[in-house]
Structure formats: C-alpha cells, structure tokens
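Residue numbers (our numbering), protein chains in the order written: chain L, 1119 to 1475; chain W, 1119 to 1475.
Keep in mind that a hint or two might mislead.
One copy or any two copies: either way a pair holds, since identical chains are not told apart in the list.
Claimed, not checked - Okay, derived cross-link-like pairs now, BS3-like style, lysine-lysine, Cα gap no bigger than 27 Å in a straight line:
1) K1378 - K1411
2) K1453 - K1427
3) K1411 - K1469
4) K1473 - K1281
5) K1403 - K1469
6) K1142 - K1345
7) K1142 - K1281
8) K1467 - K1403
9) K1467 - K1237
10) K1142 - K1300
11) K1142 - K1467
12) K1300 - K1253
13) K1281 - K1403
It is worth saying that the hints were derived from the structure and are not from the lab.
Protein chains: 2
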Amino acid sequence: MSRFAVIMAGGRGERFWPESRTEKPKQFLTLVGERSLLQQSYDRIKDLFPAEKVFVVVNQQHLELAREHLFELPSENFLVEPAGRNTAPCIGLAAVHIRQRDYEASMLVLPADHMIQGKRDFVDCLEKGFAWAEKEDSLVTIGINPTRPETGYGYIEREEEEKDKDPAVFSVRRFVEKPDVKRAKEFVRTGRYYWNSGIFIWKASVILKEIENHIPELSQGLKTIEKACNTPQAQKIMSEVFPGLPRISIDYGVMEKVSKIFMVQGDFGWDDLGSWGALASLSEKDADGMVVKGPFVGVDNADCFVYSKDALIAALGVQDLIIVQSDDVFLVCHKERTQEVKELVQMLKEKEMEKYL
Amino acid sequence: MSRFAVIMAGGRGERFWPESRTEKPKQFLTLVGERSLLQQSYDRIKDLFPAEKVFVVVNQQHLELAREHLFELPSENFLVEPAGRNTAPCIGLAAVHIRQRDYEASMLVLPADHMIQGKRDFVDCLEKGFAWAEKEDSLVTIGINPTRPETGYGYIEREEEEKDKDPAVFSVRRFVEKPDVKRAKEFVRTGRYYWNSGIFIWKASVILKEIENHIPELSQGLKTIEKACNTPQAQKIMSEVFPGLPRISIDYGVMEKVSKIFMVQGDFGWDDLGSWGALASLSEKDADGMVVKGPFVGVDNADCFVYSKDALIAALGVQDLIIVQSDDVFLVCHKERTQEVKELVQMLKEKEMEKYL
C-alpha cells in the first residue's frame, strides 16, 4: 500500500494583488524565504514521498510555471484542470489518478500556498495522519492549535477524549464556518476548537466513496474521467466533463456531512497567508514596526509593510500602511483593510482594466 | 528706454521629487494645466515683451530642455550659469547682459516655477511696477496679499500710506524671514504684511549699482564678466569667474539692506508651489477630498493627492496621503509632511542612490 501527495496549486490568490497576477498567482510567489510557496510546499514533504508519488493539480494557464517551479517531478504528475471547480473536483481528480496507480493507495492533500514554520512537527503530524487513515479507512484532517481568535479561518470542534489514547488524535465533532470575533474568542477559550488547515489524509478509494455518497453528480463525472484514463480519449473526455462538474469545496461537500472523521492536532506554525496583512503580521519587524523588502528610503514611518519588486519606495511620516510595488502597479492600503484587496481586483475587471491583473 | 524680462530657471525644486529629477527639475514639469511651469511663466508675460526682450537664466545641464520648452526665444537669450550661485549672481548676470543691449533698460525678474491664476491682474501689477522703477530709479518688488498665515514664505512689511496716493503702491518698511505660526497670524491680522513673491522690477543699472554698494565681491566679478561680453573670451571668462561668485540671495544681499524700495500690492492668486502639499491644496477635489491624476483604482479613501506618471495607483482605506509615482520611484507621504521630501532626497545622496534623483 503506497502513499501519495497531492499539492493543490490551482488557486488565484487575488488578495496578494498586485504581486499576484492572473499570470502568476500567489502559490508561485516568493513571499517568505527564498523559494515560492509552491516550492516550499514540496520541500516540506519531499523526505516523505519520492518524486513520482507527488501530484500537482494546476490550471492549464499555469502548467508551464508549475513545471518550472517543481522541475523535479515527472511531467505526467501535473494534473491539469481545464477550469477551476473548487477543491472537491480537484481532489476527486487526483484520487482517480492515484487509484489508477495503486487501488489501495493513501493520499495527502495539501494547499500550495500556505506557510508552515515547523517542518519536523509537520512531518510527524502527517505520519500520524497516514497511520490512522490506513488503519481505519477513515478521513483524517489536520487541525491547527489556534494562537489567536482568528475570524478568517474555519474551525474544527473535536470530541473530548483522545482516540484510543493516541496523543493529539481526536474524533471530529463538527466543522464550523468562519466565526465572528465573539465566537472565535470563545472557541479559543474552550481549547476544543482548531483551525481548519485544509490539509487532509485518506485513501483514494475512501474519499471517492464519500464523494459518491455525498456528491453523486461529481462522482458520476469522475467515473467517466476514470474510465477514459490511459485511453487516447483521456484528454478529450477531461475537457468535456471537468468544466461541467459541480463547483463545490471538499469541506462543504464531504467533510461537513461525514460522521467518522479523525483530526490530528498540529502545532507547527501554520498560516494560510490569506492577505498582505497576514504576511505583514508574520514578518519580522524593526524597532519602528517596519518590514521592508526591496529598495526603500524613509523618514519617520511606523508599522508599515513595504514590499517592492524593483522600484524605489519612499515613505515619509506614514503609519499602518501596506505599500506594494509590482511592475506597473503601486498599492497603498491600510493594514486593517488588506482582505478587501480583492475588491480592487473586482473593480479593475469591471472597468476593463484587466491589463493590471 | 526699453523693458526686458528675466526668467530665473536655474532651480532644482527637490521638493517635487520623485517627479522632479536632477535631469528635469520643477520648472520643467507640467504640474498644473497643460504647459510646464516655465512655459506658463513665459505665457503670462509674452504680451508685454517681444521674444527678443525675454532672457532665461538656466544651468548648463538644462539648457537644451529650456530651449525646447521656450523655442520661441532667440538662442542667445538663454544665459547659462556654469554653477548655481543663488539669485544675486543670477540677477546680476542678467542685468549685465541687458545693460549691454540698452544702458537705460529696465527689467522684470521672475522665478520660473510659480503659479499665478489671474494673468490680467498680474500684468496690470507689472505695468505699475515698471512705471515706478523707471520714474524713481528705485527697486520695486511685488508683495502678495496673504490669504492664510503661511509659514513657508518670507513677508514684506509696508509703510502705512500709499506712495503718492497711487493705489496699491507702498514704500517697504522691511523684509521679514519666514515667521512661525504665531507671528504669521499676527502679520495677516495687521493687514500691513505681504508675501514676498520674489518678483522684482528695476533698471539694470540700478540693481548693478546696489550690488556694487552691498555685495562688492559680486560686483567685482560681474564687471569682469561685463568687460568680456561680446569678445571671444566671453565664455572662458564666464566659466572662470562665475563659479567663484559669492553664493547669496538678492533678498539677503540687497533688498534687506536698501532703504528705498517700493512694493506693488498683488492680488492675482499667486503660489510658489513649494511642495506636493501646496499643489494638493490648490487642486480641485472630488466629494471625498481626492485629487487624482493618472491611472487609479480606489476603495474608501479620503483627502489624498494621487499623481501617477504612468503606473496604476491602487489605494484602499487610506487618508491624508500624497501618493506619487514617477518612473521607478513611488512616494507615499503624509499630507502635512511634504516639506520634508527634500530630506528623502538628501538621504538618497548620502546612501549613494543617486540613480533615483
């Protein structure tokens, strides 16, 4: 019984505009460290999986870029989505391909654009998850110990007792959508709630069975695709069937509806890097609370995040700003408002100024 | 007796960085309207002076640019300063050349980088100034009716009575350096103080006589230059003598020391456009107090001045900012701090980042 990894790299990441562009979304950016988020996602797991066991799901538009970033992987391991349909079809597609290789295989599902600081703890957590997924044929998710009452994440409530006294493993009581501040504070206080990391482990056949149980329309489409696998029609069938699959997340479509799910508790410095503000708060600051990447000159500024691709940023007497330059776009944004950057992106679409996207 | 005009275009205008650059200082920028400040300075007076009576004093570095902007003027009317030595040597040099043309000539001295809204009132004011300069062989300056307790300008205190009952003409009691807010408020309250516009009218021979009286070292140099005028050595002498002239302003070197000066009161919407903040406050605003020039997209901003040369500026949830893009530089500055932009320029010099200047 073999183990595979699937890196989901089909996202758009508009909240990192203007550094993220249609041509180069968030997972391809080097926001922290020296390598892109996609590369870092692979770096973290490559000790666990040989290259031929790692799949990457990606849009047609970014296939070449993904291959460049992860040139170590065999080219047939890049699965192309003809259209983005959210996580359930993406995961289903990967499960189909993995089951073709080994009907009994288990698989790790990873978003391509998250940040994880403690690689060692992360790997330990995955090992534990695989053990449970394989032993019990169950769905396993990673729940992150919350370090603040974050309202930008979904939460997982666990049962009281550790499963079979395995430390840090619990049955999931329920999944909870993003809460308001009051509820988020209560969640953190109880100690029974975890951030939903979007990292999953299960057998390919088990998740496909659950998709069949809970999203029959998707299951139908996946079966058609599976049947065409390794035939001359494979690509044609994919491009006909995939874009018509229901647009649904694995959380909403499956996880919230299945009763037997295990959660492995993770404590490895995880963040989904959902916005410039999130990146700013994770970055190391100088005595004035400034974070500066790129050419900069400043007088009397405080608590700003400055990110320049190549231009000189000059700042004078400002505070609490996110200042970003990328090619022909300059963004100035209040630190508390970075979640709304996608609204600027929307406005540009409406104004037919797509050249800046 | 003929009348000449001298436009002083040798300034650096660092406070409009990054739009103003070493290669293209403020007077060559199109900050308001469709023409550069230098062109507008000429446009305002060209009904009063035929082209051959208008001189422009400029640095060697900007000679070609000045000729392009004012291609109507004869090329010999561009006087080149081998090195910037402040206004007294600049004016002295122009006076020398004008006296060569007509020993009895009178001359108007104009900065090249100011904004004047009421051209008609301005011209009337100049006519009156010439009349007094010619009748009394005196120095004449234009004092601007202050519309606010500005601390960025020098002031002129006038005597009580109008000179010979000529409306709006007064003897000058004294020149006052830039005051603090308290004094500026008092100045405005009294009704006897005016902004020092840096616009002067006098006979060439009269100002040269006053320079001889009060800045003998400068006078000595100017005489050497004058003697060489129209000889083959003219340029050589200029480049040897001019850079050694004392670096001194006409205000400090002459105006503050001469007792008989007349002031013509001006009320024509003058501003020296000393900073981005000054330009912002003069610009027409939308309902949110925003001024936007260039490609822009924004959500929920207020009271910002946005000036983009070619890049897209995107702003989200910010206020009271000056946001400027010019080529490879992006400036974000609090609206009340734009006087300090020159400190950023200074820092760039110290950091040997001159490529951004």
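* Which earlier hints can't be squared with this structure? -> As far as the earlier hints go, 1, 4, 6, 7, 9, 10, 12, 13 are violated by this structure, in ascending order.
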